[in-house]
Amino acid sequence: MNPAPDSSNTNKKRSTGGKKKRSAVGSAIRALGRGLSHAGKAIHTKPVRPTPGGSPGIEQYLHNDTKEVPFKITTVDYGRDFHDARSDVSLEQALNSPRKEGQRVRWINIDGLNPHVIDVVCKHFGVHTLVAEDTLSTHMRPKIEVFKDYLQIVARQHYHKQNELKNEQVSIFLFKDTLLSFQEHAGDVFDPIRKRLMNHDSRFRSNQADYLCYALLDSIVDHLFPIQESYTNDLEELEDRILEAPTAECQQSLFSMKHDLSRQRRALWALREVIDGLYRTESPLIGHDLKPFLRDVQDHTIQLIDLISNARDTAASLGDLYQTSVSNKMNEIMKVLTLMSSFFIPMTFLAGVYGMNFKYIPELNWKYSYATFWLICLISCTSLLIFFRRKGWIGQRR
11 MNPAPDSSNT
21 NKKRSTGGKK
31 KRSAVGSAIR
41 ALGRGLSHAG
51 KAIHTKPVRP
61 TPGGSPGIEQ
71 YLHNDTKEVP
81 FKITTVDYGR
91 DFHDARSDVS
101 LEQALNSPRK
111 EGQRVRWINI
121 DGLNPHVIDV
131 VCKHFGVHTL
141 VAEDTLSTHM
151 RPKIEVFKDY
161 LQIVARQHYH
171 KQNELKNEQV
181 SIFLFKDTLL
191 SFQEHAGDVF
201 DPIRKRLMNH
211 DSRFRSNQAD
221 YLCYALLDSI
231 VDHLFPIQES
241 YTNDLEELED
251 RILEAPTAEC
261 QQSLFSMKHD
271 LSRQRRALWA
281 LREVIDGLYR
291 TESPLIGHDL
301 KPFLRDVQDH
311 TIQLIDLISN
321 ARDTAASLGD
331 LYQTSVSNKM
341 NEIMKVLTLM
351 SSFFIPMTFL
361 AGVYGMNFKY
371 IPELNWKYSY
381 ATFWLICLIS
391 CTSLLIFFRR
401 KGWIGQRR
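Residues 11 to 408 in my numbering are what the sequence shown spells out, letter by letter.
Among the hints, a few may not be true.
To be verified - Distance ranges between label pairs, derived from CB positions:
no. : residue 1 : residue 2 : range
1   : D250      : H195      : 31 to 37 Å
2   : N243      : S216      : 18 to 24 Å
3   : T382      : S327      : 55 to 61 Å
4   : S65       : Q313      : 33 to 39 Å
5   : D309      : M150      : 24 to 30 Å
Said to hold, decoys possible - Listed below are the simulated DSS-like cross-link pairs for lysine-lysine, each with C-alpha atoms no more than 25 Å apart in a straight line:
no. : residue 1 : residue 2
6   : K158      : K82
7   : K82       : K133
8   : K153      : K176
9   : K205      : K171
10  : K171      : K268
11  : K133      : K110
12  : K133      : K171
13  : K158      : K133
14  : K205      : K176
15  : K186      : K205
16  : K301      : K339
17  : K176      : K110
18  : K345      : K401
Please keep in mind that the hints were generated in silico from the structure rather than gathered at the bench. We put the CB at the ideal spot given by N, CA and C, even for glycine.
Taking the hints into account, I'd like the entire structure generated from these sequences.
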């Protein structure tokens, strides 16, 4: 019979393993803090795709080339009676700084997808390596994954920056009293939320992290309304331009708008599924009081999908209008050329007859033949002009 394992030894091994794990994470945090200082730098992340045939998980991205990817960390700690927002904090401060008494939520936002930072943060919070890899895969379709201790949400945000429409992925991890958000670049649609968090009477102060998660998704959806309004105005202006003078630039603008609208529609359809998943989940991380707010976001999403569908239909109609306008313009040009050619048909016929090399053509020896030739040409052209005007091919038909 094998002896029963000593419970004291087992507990010692577990304790030692836990200490080693925390020590390893702490060492990684300190190493990143010493090796990387990107405050004030422009945050821009190139799209990352897994190596074909590579090992699954975030480990395949942990090489020296990715250590210098810039990032910026901001934190917001808040409770019913206090609010503490900090920018350009170190990774160790963001993860290990003590929480105040009465603190409800800590929001950690990271701009810039540095694989080493994401790896340390996810290990600190117990996020699986495959889930951490999704944060780096910026081509992900919006989705929601429910785990025992946290929720993972992938969404796409759209916003205008320097007169250009930006589109980037946002990864959100919801814990009981912590929310993590990873963004590709600096700049987002969450500034109104940051301002509301400063208000002592806002709902954030009396709610848990799930309400902050809802607010982030709501902000992503609401920022699409002014974008759709701008597209509607652009389509109206484009319609006027097409009716007045269709150009190749009009067609290029139409293609660009249709591409952007299709991309937004795909993202919204997937985000609708995400919100529906949040509404239906039985996870204790989503409170029952949050359900009405999630329904409201879902209604806004459906409304936006209808607006985008209408805009796409309008863009398609304008494409047909452009083709019709170009065809009509070409028809007008061909009409003018045809009418001009018609005036020369009688003259060409007369010139062909009297230009033949027959020996006996009586009119050639007549002294009024040249004047008669031009008189016949003038009469025939005048007759054609009267005929065309009566048909309405020249001028307005009466």
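Evaluation of the provided hints:
1. D250 <-> H195: 31 to 37 Å: holds, 35 Å
2. N243 <-> S216: 18 to 24 Å: violated, 40 Å
3. T382 <-> S327: 55 to 61 Å: holds, 58 Å
4. S65 <-> Q313: 33 to 39 Å: Since S65 and Q313 have Cβ atoms about 43 Å apart, the given range 33 to 39 Å is violated.
5. D309 <-> M150: 24 to 30 Å: With Cβ atoms ~25 Å apart, the hint holds.
6. K158 <-> K82: violated, 29 Å
7. K82 <-> K133: holds, 19 Å
8. K153 <-> K176: Distance of about 20 Å is within 25 Å: holds.
9. K205 <-> K171: Distance ~20 Å between K205 and K171 Cα, so the pair holds.
10. K171 <-> K268: Distance of about 20 Å is within 25 Å: holds.
11. K133 <-> K110: OK: K133 and K110 at ~23 Å, within 25 Å.
12. K133 <-> K171: violated, 33 Å
13. K158 <-> K133: The hint holds at about 16 Å.
14. K205 <-> K176: Cα-Cα ~22 Å, so holds.
15. K186 <-> K205: The hint holds at about 23 Å.
16. K301 <-> K339: Roughly 57 Å between the alpha carbons, so the hint for K301 and K339 is violated.
17. K176 <-> K110: Violated. K176 to K110 sits at ~37 Å, over the 25 Å cutoff.
18. K345 <-> K401: Distance ~13 Å between K345 and K401 Cα, so the pair holds.
Taken one by one, the earlier hints fail for this structure at numbers 2, 4, 6, 12, 16 and 17, listed in ascending order.
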